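In order, the protein sequences belong to chains A and B. Mapping the first sequence onto our numbering, position 435 (from 1) lands on 782, and the numbers just tick up by one. Mapping the second sequence onto our numbering, position 325 (from 1) lands on 806, and the numbers just tick up by one.
In short, the hints are calculated from the structure, not lab data. Please read these numbers as outputs of a predicted model, since none were measured by experiment. Heads up, some of the hints might be wrong.
To be verified - Calculated cross-link-like contacts (lysine-lysine; reagent style DSSO-like; alpha-carbon spacing at most 30 Å): (1) K404/A with K1107/B; (2) K735/A with K1123/B; (3) K722/B with K702/B; (4) K1089/B with K735/A; (5) K735/A with K826/B; (6) K848/B with K692/A; (7) K692/A with K1107/B; (8) K975/B with K920/B; (9) K816/B with K735/A; (10) K1062/B with K735/A.
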Amino acid sequence: VALPGARARGWAAAAAARAAQRRRRAEGARGPPSPRAALYVHWPYCEKRCSYCNFNKYIPRGVEEAAVRSCLVTEAQTLLRLSGVRRVESVFFGGGTPSLASPSTVAAVLEAVDQAAHLPADSEVTLEANPTSAPSSRLAAFGAAGVNRLSIGLQSLDDTELQLLGRTHSSRDALQTLAEARRLFPGRVSVDLMLGLPAQQVGPWLRQLRTLLGCCDDHISLYQLTLERGTELFTQVQRGTLSAPDPELAAEMYQEGRALLRDAGFRQYEVSNFARNGALSTHNWTYWQCGQYLGVGPGAHGRFAPQGAGDHTREARIQTLEPDNWMKEVMLFGHGTRRRIPLSKLELLEEVLAMGLRTDVGITHQHWQQFEPQLSLWDVFGASQEVKALLVQGILLLDHRGLRCSWEGLAVLDSLLLTLLPRLQDAWQQRAPSLVQGE
Amino acid sequence: PGRALRPAFRAASRAGALTSPRVRRADAGSRAASRVTRRDPPDLNRGEREKIDMSRFSVENTRNFSIIAHVDHGKSTLADRLLELTGAIDKTKNNKQVLDKLQVERERGITVKAQTASLFYNCEGKQYLLNLIDTPGHVDFSYEVSRSLSACQGVLLVVDANEGIQAQTVANFFLAFEAQLSVIPVINKIDLKNADPERVEKQIEKVFDIPRNECIKISAKLGTNVERVLQAVIERIPPPKVHRKNSLKALVFDSTFDQYRGVIANVALFDGMVSKGDKIVSAHTKKTYEVNEVGVLNPNEQPTHKLYAGQVGYLIAGMKDVTEAQIGDTLYLHKQPVEPLPGFKSAKPMVFAGMYPIDQSEYNNLKSAVEKLTINDSSVTVHRDSSLALGAGWRLGFLGLLHMEVFNQRLEQEYNASVILTTPTVPYKAVLSSAKLIKEYREKEITIINPAQFPDKSKVTEYLEPVVLGTIITPDEYIGKVMMLCQARRAVQKNMMYIDQNRVMLKYLFPLNEIVVDFYDSLKSLSSGYASFDYEDAGYQTAELVKMDILLNGNIVEELVTIVHKDKAHSVGKVICERLKDSLPRQLFEIAIQAAIGSKIIARETVKAYRKNVLAKCYGGDITRKMKLLKRQAEGKKKLRKIGNIEVPKDAFIKVLRTQSDK
Chain A
348 VALPGARARG WAAAAAARAA QRRRRAEGAR GPPSPRAALY VHWPYCEKRC
398 SYCNFNKYIP RGVEEAAVRS CLVTEAQTLL RLSGVRRVES VFFGGGTPSL
448 ASPSTVAAVL EAVDQAAHLP ADSEVTLEAN PTSAPSSRLA AFGAAGVNRL
498 SIGLQSLDDT ELQLLGRTHS SRDALQTLAE ARRLFPGRVS VDLMLGLPAQ
548 QVGPWLRQLR TLLGCCDDHI SLYQLTLERG TELFTQVQRG TLSAPDPELA
598 AEMYQEGRAL LRDAGFRQYE VSNFARNGAL STHNWTYWQC GQYLGVGPGA
648 HGRFAPQGAG DHTREARIQT LEPDNWMKEV MLFGHGTRRR IPLSKLELLE
698 EVLAMGLRTD VGITHQHWQQ FEPQLSLWDV FGASQEVKAL LVQGILLLDH
748 RGLRCSWEGL AVLDSLLLTL LPRLQDAWQQ RAPSLVQGE
Chain B
482 PGRALRPAFR AASRAGALTS PRVRRADAGS RAASRVTRRD PPDLNRGERE
532 KIDMSRFSVE NTRNFSIIAH VDHGKSTLAD RLLELTGAID KTKNNKQVLD
582 KLQVERERGI TVKAQTASLF YNCEGKQYLL NLIDTPGHVD FSYEVSRSLS
632 ACQGVLLVVD ANEGIQAQTV ANFFLAFEAQ LSVIPVINKI DLKNADPERV
682 EKQIEKVFDI PRNECIKISA KLGTNVERVL QAVIERIPPP KVHRKNSLKA
732 LVFDSTFDQY RGVIANVALF DGMVSKGDKI VSAHTKKTYE VNEVGVLNPN
782 EQPTHKLYAG QVGYLIAGMK DVTEAQIGDT LYLHKQPVEP LPGFKSAKPM
832 VFAGMYPIDQ SEYNNLKSAV EKLTINDSSV TVHRDSSLAL GAGWRLGFLG
882 LLHMEVFNQR LEQEYNASVI LTTPTVPYKA VLSSAKLIKE YREKEITIIN
932 PAQFPDKSKV TEYLEPVVLG TIITPDEYIG KVMMLCQARR AVQKNMMYID
982 QNRVMLKYLF PLNEIVVDFY DSLKSLSSGY ASFDYEDAGY QTAELVKMDI
1032 LLNGNIVEEL VTIVHKDKAH SVGKVICERL KDSLPRQLFE IAIQAAIGSK
1082 IIARETVKAY RKNVLAKCYG GDITRKMKLL KRQAEGKKKL RKIGNIEVPK
1132 DAFIKVLRTQ SDK
């Protein structure tokens, strides 16, 4: 099956026709600032609690899937309407464990998205899949529903580690799922591998990575374990029943791992993400480029400028966390938005900076200019002694292309930001009076 | 044998300092409040008829005495019983340590402030006036003890029938012995299961050369034989040698401050008499005052018409500040000057520490709390100080370690103030050789309190450090360990003797700075709590002192400059470097932490650069939280002190500078 075009047969053709119609209408109308967005859909349920995960997830006794489906559809419709978004460029089903949802739910959401806006046939539609809940037939059904990219939560190829993480699958399950996924979605499969686990050693971990390189597709994410408050691992380490991961070893794994991937032809296009043959995740790229995105489902986050507000101020939005409450609100109001926080111009620029520097291209001058046409990157960072020290140290680059981290700098970005963010704030404040007058 | 040791001994014990504070804060408030009610505003209706006529008590029927003891040997309990027996306090009440008025005193079983009570006692048809002058029970207050003792003719030396003679017992005995007082040995706690009064009698005979039959065996707790103690006071302690007909000569042996009435001075009259309306002069300040009130302590203040030679009581004369009634000062009548009593000296701080509010916004509250505390304790010296890392604060001087701890605890408990207290230092001295410096300081020998003032070796003939003579009494099984500890502290052994079959008394000359931090804790832990320790001031000795700098990537950290003995420089430098290493957060570059003497590096630690410091996952749902975290960190970074380009959090300084009690 040729995947990008393989949207579910039943509605694909009709949808394409409708979308084309809308696009023509939209182009004829007065141009809204940015009618495009990515869309995130949160499936909040899991079979089992993983020991490291602090995401918004629930272990239900039974899910009334029809009700959840209907609410996801309704909320997607409402938010698309509020945002005035005309074109959805990517959809990401995350969780939770979205591979536990029925393919029909995924199909229903995609259909609603395409009806309310336009979902081009080549849009990236990713589903997070858990090896045990994704047998081959089910993966194929997701493909038929419109999913064209899989992100597999493989996490480790060591069964002891998988047990420590509270995963339900074995390394064999993981490799099998990976093989089937590649067969169904060639060139469109990503795997997650964790590093820096308690007691994990560099050598064995690198062997896992090498094994994975022998059978993986074109996308790998390497995630260092973060001990999050409220997780079982955190508690165990606090109590002393589990040794805390050694940050030195984790740093070494990270450096060795990214070097190994580079040699294998992978581009590290973000702190934790590696792709070859151009298989970058366009959905996630939108986050790091500070594009608009809608968040649908319990606890989902969004960033978009609602229509009709007049000033096109971008808002940070958070949906109600708890699934039952979220559903009640969606049924009552059409959406379960719990908080809307308007982002100031400076806050948006701070996000542009913090997110953009996570990528290998960093922040190009052109990219920055889209958000701030008057104050250039040179204006902000060019004269700072502290920034100069970072440039001299070779961990940060500021040149004709823009601002970005060096290979070494990317690993310590959070420290760099502690210098860069205050600098941006200062520059903004110094510039603010003339801007206010100008407006 | 005891007498042979005499010059060596002088002081009391360090014991109380170790009891860890176990107070609940709620308790602290109510106790503090009860202390305040003790000092009610003057009762204006207090009639003349209530006043006691002190002329009824002749000098022959007056006895002035103190109780001295090692910590927890029962001094305060015995005092309670004596007060009950003489009707000063009600027997039915649960009298526990009535004379220990301060909260910390009751908690720790130590007496910080001397308290006094006049007891009226009938014996064989005669009315006696027995003045019990309670003394501070700690070496830090040995000056106060010596002043209190100078108002006495005898002491009750209380020894625990189970524990026997301890370091403080020895020191106290020799204080009394030097003052030529009659010593009545009292063996207490004979009701205890393990009591061995016979053994203690033998110890007393051997160490103090007092015949066994002079010991009175009592149980203060049960009241057993306490009456015999009172009889012994009358029989064995002579009346004071004084003259009522001479003009007034009164010793100030303590003073307290009352917010309504000003300074209340505790006085002992050596000559003459004093009454309301008299004009008196302080021999020390030469200031003149008019007496508003005189009286006795029973144990609360009870006004009298007059006080006569040989008697002990209080006097209020419009003094506004405790520094106007310094301990050891002599008071005399206006225009009738007398030779001041010998032994007066101003309080001399021996331990210094920096004190800073944990939060600078608390500075003013802390300032007022410090002022309130020092108004009652003139022996604390206060100098404003400021540190780049810790902000504005003070450099406080204390008589000793316990004095410092008590002060800090009272700040916390009575004024609810939390402070950073830096590691205590001792006052070093330098004998200058540079003519220029001598001219600048206007003296040849200078005292160095702040390491920043430490003069370079090239301008100095010699450096001096304060030393103390320490007494350790320990079961002999711990001798080896004790000696090793003392050697490690640069101490020199002066004497060693068995005080009974298996107890040894050791005497060492210690550099004071070697015992100010954790010596007592180490001694207690290596002897399972059995060794006792006590010390007395022994002047200064030549010492090879050096100034040690701490450098971060080559930049000196001013806050951490330390004066240290040459032999200890390496170990002290190493500890500071290690503590810094543990508390300095990693940065984007490597940090070399070095301890240096001049240009010579003596210790080094390295904080490696961050290799990875970036959040692994940052997708749509993480951005808000991530930005919040970054901004909070960036905000915190602005407050950090920068040494060169290294950012040092306040916590790192605190961890290095603060007294380490867990060591």
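Which numbered hints are broken by the structure, listed smallest first? 3, 5, 6, 8 and 9
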